[in-house]
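Enquirer: The chain contents come next:
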Amino acid sequence: MNMILPTASISATPNGTTRPQVRIVIVGHVDHGKSTLVGRLLHETGSLPDGKLEMLKAVSARRGMPFEWSFLLDALQTERDQGITIDTTQIRFRTRSRDVVLIDAPGHAEFLRNMITGASQADGAVLIIDALEGVRSQTRRHGYLLHLLGVKQVAVVVNKMDRVDFSADRFKEISDEISAHLIGLGVTPTAVVPISARDGDGVAEHTPRIGWYKGPTVVEALDALEPAPPLAELPLRLPVQAIYKFDDRRIVAGRIESGSLKAGDEIVIMPTGKIAKIKTVESWPVTPVNGPQGAGRSVGITLDRELFLERGDIIGHSGQSPRDTRRIRARIFWLHDKPLTTGEQILIRLGTKESRATVVAIEKAIDPGALSNEENTAIARNHVGEIDISLAQPVATDPYTDNPRTGRLVIEVNGRIAGGGLVLSVDAGRPAVPIDIVPVESALRPDERSARYHHNGAVIWLTGLPGSGKSTLARALERRLFSNGGSPILLDGDTFRAGLNSDLGFSPQDRTENIRRLAEVATHLARNGHIAIVAAVSPSTADRAAARRIADSAFREVYVATPAEVCETRDPKGHYAKARSGGLPSFTGITNDYQPPTGNELTIDTSNRSVSDATDAIERMLATTGILFDELTDLAANI
Amino acid sequence: MDHLDELEAQSIYILREAFARLKKLALLWSLGKDSNVMIWLARKAFFGRVPFPALHVDTGKKFPEMYAFRDRFGKEWDLDLRVEPCPPIDAVDPTLPPAARSAARKTEGLKWALNKYGFDGLIAGIRRDEEATRAKERVFSPRGLEGEWDVRDQPPEFWDHFNASPPQGAHLRIHPILHWTEADIWAYTKREGIPIIPLYLAKDGKRYRSLGDQDITNPVASTASSIDEILDELDNTKIPERAGRALDHETEDAFERLRVAGYL
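Protein chains in written order, with the UniProt record's numbering: chain A, 1 to 639; chain B, 1 to 264.
Far from chain A, some chain B residues (derived; all Cβ distances over 10 Å): (1) Asp93; (2) Leu96; (3) Asn115; (4) Tyr117; (5) Gly118; (6) Asp204; (7) Ile216; (8) Ala261.
Capping the alpha-carbon separation at 30 Å, the derived lysine-lysine pairs in DSBU-like fashion look like this: (9) B/Lys111 x B/Lys24; (10) B/Lys24 x B/Lys116; (11) A/Lys277 x B/Lys44; (12) A/Lys364 x A/Lys152; (13) B/Lys24 x B/Lys75; (14) A/Lys245 x B/Lys75; (15) B/Lys206 x A/Lys52; (16) B/Lys23 x A/Lys245; (17) B/Lys116 x B/Lys23; (18) A/Lys214 x A/Lys152; (19) B/Lys75 x B/Lys44; (20) A/Lys277 x A/Lys245; (21) A/Lys172 x A/Lys214; (22) A/Lys277 x A/Lys262; (23) B/Lys75 x B/Lys111; (24) B/Lys44 x A/Lys279; (25) B/Lys206 x B/Lys61; (26) A/Lys245 x B/Lys44; (27) A/Lys279 x A/Lys245; (28) B/Lys24 x B/Lys44; (29) B/Lys203 x B/Lys61; (30) A/Lys52 x B/Lys203; (31) B/Lys111 x B/Lys23; (32) A/Lys245 x B/Lys116; (33) B/Lys75 x B/Lys61; (34) A/Lys245 x B/Lys24; (35) B/Lys116 x B/Lys61; (36) B/Lys44 x A/Lys262; (37) B/Lys75 x B/Lys203; (38) B/Lys61 x B/Lys111.
Hints listed in this document are in silico derivations from the structure and should not be mistaken for laboratory results. No residue lacks a Cβ here, since even glycine has one placed at the ideal position from N, Cα and C.
This is chain A alone, in the form it adopts within the complex (with noise of 0.2 Å):
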């Protein structure tokens, strides 16, 4: 065995990492010089690794052109043939005081996704603008999505001076539009800068050709614009990504976005207004770790309670939390081929949270290019636009204002992020849920209800195909558990679509939706000592690992599994029949979308097992699994 193993004393951050790192992002209109700006900035502050100059000379030549800087950056063959940046590419030099992550982004049109994918991670950017063909839509275009994309710095470039033979005029002109444009945006650029990317002129160095320019040169432009803010100052806003158990924690994991958390926190979770605090912050290799973790880590925390929270769920302090809403006003821009129409099903996320949406109505579609005002019943594509939201569920989230972090949205379609943009306002359209709700416990302890029914509380789960026999097993087990003293609970899936849950239909968010409200009252009931038998046929394990999850140690699941074909023979309700018939779209068991549990604590074949012995069989288990006490050493043991 031959290997280096660690020492134990680690030393200071070495070279290169202690200086401050901002990320700027290079854009214009096609043509205007922005790999070649790349290209000299890199030979400028001697970046360029050894031998580069030499293949760029060799590619050009053979490719029978003058030498073309653009080479470095635009790597990809299409590139290289077509003369354009397709896609962002990231690079990395130094100046004076900082080192700098260039962000090269494409200029064309075709490509604004990826100018957005570029400009999105950028702390500041450089727009460019050709000295002969001056502001063109794509700068316009571009300028607006700096904006929108809340890149508050922005430093104006003026290329090609060469070609208006370094007129002062010229570059007045052109620094005097942009700057209203930016201005009218809310955007001040931090410098305008006449330039000769190809030559060098005003680069890193003043040239005798720019004489009459007294201002900053590129290099001294960059050095001037900061990292992003810290976060830390606004409120805690911590987005569960995931709850892990992969032992006896129950960690929950995710990015602080903002503000900052330490173990003893009273936290309050949005949007279910759930209150809890942090027990520890757990970490690996070392935990729990002590001390407040700010804006940009990744922690894992566990709460002082048993509390049921998922991934999208909003972690902040009581008193600050984010507001809940299912009604959002946002401005954004759309990078889909098809227009964003009003009334359109979206998929919105927010954070780590999804959400489907409606299109209530969109307010305004412009082209940032042309600055005029469209019809404003869609959004064409690389337009932008303000749209009202509707979503299916209460999502978490903050004004962008209040929070640039937690105030931003993306929209997927067909699983492919095609727009996104800032929360301009939370429209609850109800009464937010308030934050100093305190949950209140019942007057009865657990085991003086399991000393009267002999049992503890518990959610029986059956699971299985229409007509496997779920509901004649349920209400069953239901008459034996009360004969003996028992206190069961029917919830039958049917019955509560009926009521609570008439509001859903039959697509699979509205069926996890039925889920997890079923698993909560019958977790409810649980709680307080009751044993709920829920007949479902939740065809989703990921559903019923989600019931599993509310109820924890509560949850029993029993597989009522008879085969398809006899449960079609039996076809109590008629769907089968109806179904065949094309009456009875996403009718589970036709459509056979069944997905069979495993870990199951119980399996029953009602094809070949009467009632009785059914019911034996779930008694049993629930014996064996500590839900029935042996009435008698139980009972005198609580006497």
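Position chain B against the provided structure of chain A, taking the given hints into account.
Expert: Using the frame of chain A, we list chain B on its own:
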């Protein structure tokens, strides 16, 4: 939070997103410095355990030190290690130049493993600063049914919102350390005390900056015999990291062709 803390937090976020949003994940472990950091980050993300398999697509031509490393730390780190073989050279596109062709065996091996296990997400330790086509990558990068990469039609990806719905039968490449540099990797390896393969340290005036197959990887001239010295060297060198990788230098587009076809 210093620079390394920021990199770490971002990578952990990406790993947790991948675990939350994809059903069948695996992590590609090439045994090199980058994928070792990636496994370390996964252990941080999931509090000491890696909750998906570590896949070593094995050409059979790695250095003995690399195999020894794998066998030891596969166990010590409690990895669900899957070693998958690559097809023989005859099975690979004969029009590729020799080193690229040899490397392309890995692409084929990867396809076999994908078919065998049905992974919908492969976590890979590539970095933007390594090589120009890698700089074009997304964090969540969709691959076609044959593992191919369509560079002309990459989905938008912004504000840490990733596209995580691969089409049926296709998969995603997930790149948790895309934003790291070579110097970051070494500084973090040192800070965290992550074990390394000694081939990275100079011996007789040479060391490996990048480890691949024995027949197509060469050492570079160096006197750096500790991580501190490596960091000093990186601060001053202008030699690209993959200078010792033969396949990068065969033709202008050899690497791009490989990557488009599904190579890492």
